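Participant: The primary structure of each chain is shown beneath.
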Amino acid sequence: MSTLFTIAWVAAAVNVVLLVALGWVWVQGYRRHGASHTLGLLVFASLLLVQNGVWLYFYRLHEGYIGWFVNAGTDVQVGMVLLCGLETVALAFLVRITWS
Amino acid sequence: MEDVLWYVLASSRGGPTRVRILRALEERPRNANQLATELELDYTTIRHHLDVLMENNVVRRTDDDYAAVYLFTDQVRSNWDTVETVLEAVDSDSEAR
Chain A
1 MSTLFTIAWV
11 AAAVNVVLLV
21 ALGWVWVQGY
31 RRHGASHTLG
41 LLVFASLLLV
51 QNGVWLYFYR
61 LHEGYIGWFV
71 NAGTDVQVGM
81 VLLCGLETVA
91 LAFLVRITWS
Chain B
1 MEDVLWYVLA
11 SSRGGPTRVR
21 ILRALEERPR
31 NANQLATELE
41 LDYTTIRHHL
51 DVLMENNVVR
61 RTDDDYAAVY
71 LFTDQVRSNW
81 DTVETVLEAV
91 DSDSEAR
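Chains A and B supply the protein sequences, listed in that same order. In terms of UniProt numbering, the first sequence has 87 at position 87, counting the first letter as 1, and numbering is strictly consecutive. In terms of UniProt numbering, the second sequence has 82 at position 82, counting the first letter as 1, and numbering is strictly consecutive.
Chain A on its own, in the form it takes in the complex (with noise of 0.2 Å):
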């Protein structure tokens, strides 16, 4: 369980990271010349940002949250693990994309 639950805030934690790297390069793209394409990826980065900031508070903060979390079964673990890694890993391509 509680390797489960580690693997699930953690991913919350580097998709933060990683949507922070992109819009870094967003905001400093959309500040050179102001393209609307720019500016749809930054929208798409804030929101994904909060996104993962609350499920980093629930991880890491929310006591009934935790609670609940550790008392699920292990399917509904295994999808709330899928929730925030399967983000990771779509993250992932698009910094390779976006960094090159």
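Derived from the structure by calculation, the hints contain no laboratory data. Wrong hints could be hidden among the right ones.
Claimed, not checked - Sample of chain A residues facing chain B (criterion: CB under 7 Å; computed from the structure): (1) Gly23; (2) Val25; (3) His37; (4) Leu41; (5) Gln77; (6) Ser100.
Unchecked claim - Distance ranges between label pairs, derived from CB positions: (7) A/Val27 with B/Asp81: 25 to 33 Å; (8) B/Leu71 with A/Phe93: 24 to 32 Å; (9) A/Gly34 with B/Thr37: 29 to 37 Å; (10) A/Thr3 with B/Asp81: 49 to 57 Å.
Treat the numbers as computed from the prediction; the structure is a model and nothing was measured. Cβ coordinates follow ideal geometry from the N, Cα and C atoms, glycine included.
For this one, chain A is given, so just place chain B on it according to the hints.
Facilitator: The following block gives chain B in isolation, referenced to the frame of chain A:
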């Protein structure tokens, strides 16, 4: 092609350098060494950006020789209006610099 051009030129870290490379290649085809000299950048930096542009089918090389010249792909030539739109949006302050 349009979204590729926006991504590669406007929304990625190497965008500004790749815009300069496209402008230089628009004047005339050049090899990586000539581009490095013209843009005052490292040869390896130029090669990295040319590789990205090749992976995205924006430019192609004439052959595998190290002095190979880089040209625009047919895909880019037939979408040149889009290229101009992206370059103008991204490169609008280049004349002021």
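Participant: Now, for every hint given, state plainly whether the structure supports it.
Facilitator: Going down the list of hints, with the structure as the test:
1. Gly23: 12 Å, violated
2. Val25: Status holds, d = 5 Å.
3. His37: 4 Å, holds
4. Leu41: Holds - the Cβ of A/Leu41 comes within 7 Å of chain B, reaching about 5 Å at its closest.
5. Gln77: The hint is violated - A/Gln77 has no Cβ within 7 Å of chain B, the shortest such distance being about 36 Å.
6. Ser100: 5 Å, holds
7. A/Val27 with B/Asp81: 25 to 33 Å: 29 Å, holds
8. B/Leu71 with A/Phe93: 24 to 32 Å: 29 Å, holds
9. A/Gly34 with B/Thr37: 29 to 37 Å: With a Cβ separation near 31 Å, A/Gly34 and B/Thr37 satisfy 29 to 37 Å, so the hint holds.
10. A/Thr3 with B/Asp81: 49 to 57 Å: Given a distance of about 54 Å, which is inside 49 to 57 Å, the answer is holds.
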